[in-house]
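*Asks:* Chain residues, written in single-letter form:
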Amino acid sequence: MDTALAVAIGLLIVAAGAALLTWFVRSRLVLGTTEDQATYRVLHISSLATPPLRAGLEAGAERAARHLRDLLGTPALALTDGTSVLAWDGTGNDAHAQHAVSHAQSVVRDGSTVVLGPSSVACTDPECAVRHAITAALTTEDHVVGALTAYTGNRPSARLVRAVEEVARFVSGQLELAELDRSRAKLAEAEIRALRAQISPHFIYNSLGAIASYVRTDPEHARELLLEFADFTRYSFRRHGEFTTLAEELRSIERYLTLEQARFGGRLQVTLRVSPEVLPVAVPFLCLQPLVENAVRHGLEGRQGTGRITIVAEDAGNEASISIEDDGVGMEPERVLENLLGEGGDHVGLGNVDERLRSVFGDQHGLVVETAPGAGTRISLRVPKYAPGVHAT
Amino acid sequence: MSASTGLAAILLTALATILVGVVGVRAARTTSDFYVASRTVTPWWNASAIGGEYLSAASFLGVAGLVLAYGADMLWFPVGYTAGYLVLLVLVAAPLRRSGAYTLPDFAEARLESLAARRTASVLVVTIGWLYLLPQFQAAGLTVRTVTGAPQWVGPVLVAVVVLVGVLSGGMRSITFVQAFQYWLKLTALALPAIFIVLVWQSHGTPSITQDGPPVFAEPTVVDIATGVSVEVLQTIAVEAEGTVDGESVDGPVSLSPGSHTLARGTQITFPAGVQIPHADNLTPLAGEDWRLPLRSASDHPLYSTYSLILALFFGTMGLPHVLVRFYTNPDGRAARRTTVAVLGLLGVFYLLPTVYGALGRIYTPELLLTGRTDAVVLLLPGRLVDGMAGDALSALVTAGAFAAFLSTSSGLTISVAGVLSQDLIGHRVRNPVRAFRLGASLALIVPIALALLSPSLGIADVVGLAFAVAASSFCPMLLLGIWWRRLTDAGAIAGLVVGGGLSTLAVLGTIVWAPEQGWWGPLLAQPAAWSMPVAFLVMVLVSLATPRRMAPGVNQTMIRLHTPESVDLDRGTWDPEDRWRTRT
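Order-wise, the sequence lines are chains A and B.
Each residue of the first sequence is one higher than the one before, counting from 28 in this note's numbering.
Each residue of the second sequence is one higher than the one before, counting from 11 in this note's numbering.
These aren't lab readings, by the way, just hints derived from the structure by calculation.
The model shown is predicted, which means the values in this text are computed figures rather than measured ones.
Every residue, glycine too, gets a C-beta built ideally from N, C-alpha and C.
Mixed in with the good hints, there may be bad ones.
Which residues of chain B face chain A? A few of them, derived with a C-beta cut under 8 Å, are [stated by the list, open to error]:
id : residue
1  : Ala120
2  : Tyr338
3  : Trp524
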């Protein structure tokens, strides 16, 4: 046994050594000349600066400044938004940072690049490396939102001025993308509001109609249904939080189906299989409701006899796998695709749910729809048990 | 017990496990009259499931074996295994549940907002998982061989196949019910035979467990050597031997002089009554008063070893990957606390039993000291004390319980390790999540099986103790500081995880490969927690203080979320994917 162990460990060490050697040789051979490596370095640093900038100038300045200064190789760098200093990276923070706004003033006003000399930049300390400043404007959609100022000790060369301008342009590009992100998020928020409003009309008329039909024959049942209706609408119209637990969402669906059953009577049969392990999973608010509504519509409308809806939520390792199935008339796959892309008119819900799932959990977590005319429909989704920033509130 | 009864017990356990997994789902959950609230797992069920997943081979077999050989000091193992949940209850359970994290890497990411911290945690989860699986497989080999006489590799492979089939076919879907079932099976499997054993012991006139002087054979005993063993004889003894002793073929009376003797596989030795028992070279069993009293261990520095063990067990539980995932099933932090309290009770009851087996094994199965397989005491004792059908049935029951122990712990660990492997370490290579999970599950099993077959046979509870030590020196500081100290930064956490986890892992490897006997090195490497845990804490705190700018931007909001009961209505913030880059005032 001991020899076997020694041999195994020996083999491991040799394998590790070989791997290390291969990596070393390959990196030399493949990565190429110093010029190539400099290019890679620049690309790498700019890729590091990208994510913070995508959060917007104000939010990301602090984190991005370091990488931007790396890119330019100057002793200090400041990012300002015209009224205050957002970030100062490098030397001279205490003596110079408060003047950065004044250095950027004219740039913020007219958008052109400015080079300042020691007369307006330098401090009393003769050793200080902050003597000259190059300021370039940061713009989004043609208006100046801030300025990038690079500080040097010597008179800046034309090359450096050019470099500062290019970096400012790169930052501006990222800021524009950030703006785009923000408007997309706003759009999504508007859509969820629209969705909340959209659930209602038909459903409300039908439910109230169904409840009314019980008022004389079975007042107690009518009362229960009214309470269910109240709870359902309270949940659907709640204002706070973009996420909820699967348990809450299922509870709301339960109310919804009770009301639908009151309307359809014995024609609507529901089977539910839920693993208790997945009940605490956080899901986007109202992400199942439209799917169930869709299933009720396709399972029952346009046909005689009973329709069965099966809702399954199962534990699958790091994820919960959820599916909603009906045995109804099915859909044309092309129409489903249109709906998912948001082009179809009548099923805004499906596309909206798909988009929200993708934007929250990533593209691999969208809806999967299996259907054909006459073959029923099965919509499934996988929700990770944990995703950064997703909390049921 | 005959081999077929044992085999039947093992197969029955495997079958029952899969059946509960598959049928439990249908029976409990197919209904059209559904009411979600009634379906949340109650703390009681959840605690049973945690107990089922937690009580591994180390608890079921190892503790009794250690008590048999080393006596009172070893009681710290069951105490520590249980008390770990006390620490978990007071400091970790509720905040961790509120964090919404499913695994330890999830918590690292949620609290530190850093992908690098997540990766580091993932690597450590896999390390601890493998280290914990290793003794499970060794114990499976031991059990299957003790019961059926099959070769050593059959047990691990059998467990691995059942686990793999269960995990991959989705048979573990209703995992909470499967694991809860396993807890009650294990408890029954130990408690029922224990009652009979104690009754028989009383009918023998309650002979004293602690004789003065070294252990002797109370009556003439025939010992079959199943694997070759080297034994230490303390005084000259005359025995009847048939087989190979010290490389020579013998058949008849043999005199064993003091010193080391090798007994080849298949040898049969008959000891007369009253003869002092030779013990296996890799054991240094205690006798008489040393066995009865604490801190008399034959190794150097028993005081240090004991305290280090206590630290590792008390603080290691919170870092075990398969324990934390069960907490996710609790609906909120309060339920998480109540679950932990129930776990404390369930484990407390369970751990009374192995001690009984270990102590009575002193009288009735002393030959285990000779073969060195003290871990088998639980399996052998019922058959030794109760004759006939009843004895067979009780033996089958303990075998089933032992097998349930390997199955539940290994499947829980495999799922956790496979999840982390597939999500964080091989996920970007294999795009298909199902295939990645399968690959992860296979990797999670293959590596520890290879290790179990290659590495020398160590005490089951010892290796599990090492896994606890690694967890205590890596995840314990991260969890405690992460939950209770605002200023922990990702750099600090990563440094602490690497230093603490790395040092303790090295110590573990040193113990397994090198195993120094003399001086301070032995106890320092065999029980690293007492120094590696403080080092990890220190590194985390110092590096965090040195990198104040790397504090997670959302730390205040995270802290509010961790420490405020869910029922309190307050603004926990809305979701925003760019939040992690934003500084908050």
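*Asks:* Decide, hint by hint, whether the structure agrees.
*Replies:* Each hint, compared with the structure:
1. Ala120: Hint holds; Ala120(B) Cβ to chain A Cβ min 7 Å, cut 8 Å.
2. Tyr338: Result: holds, 6 Å to nearest chain A Cβ.
3. Trp524: 11 Å, violated
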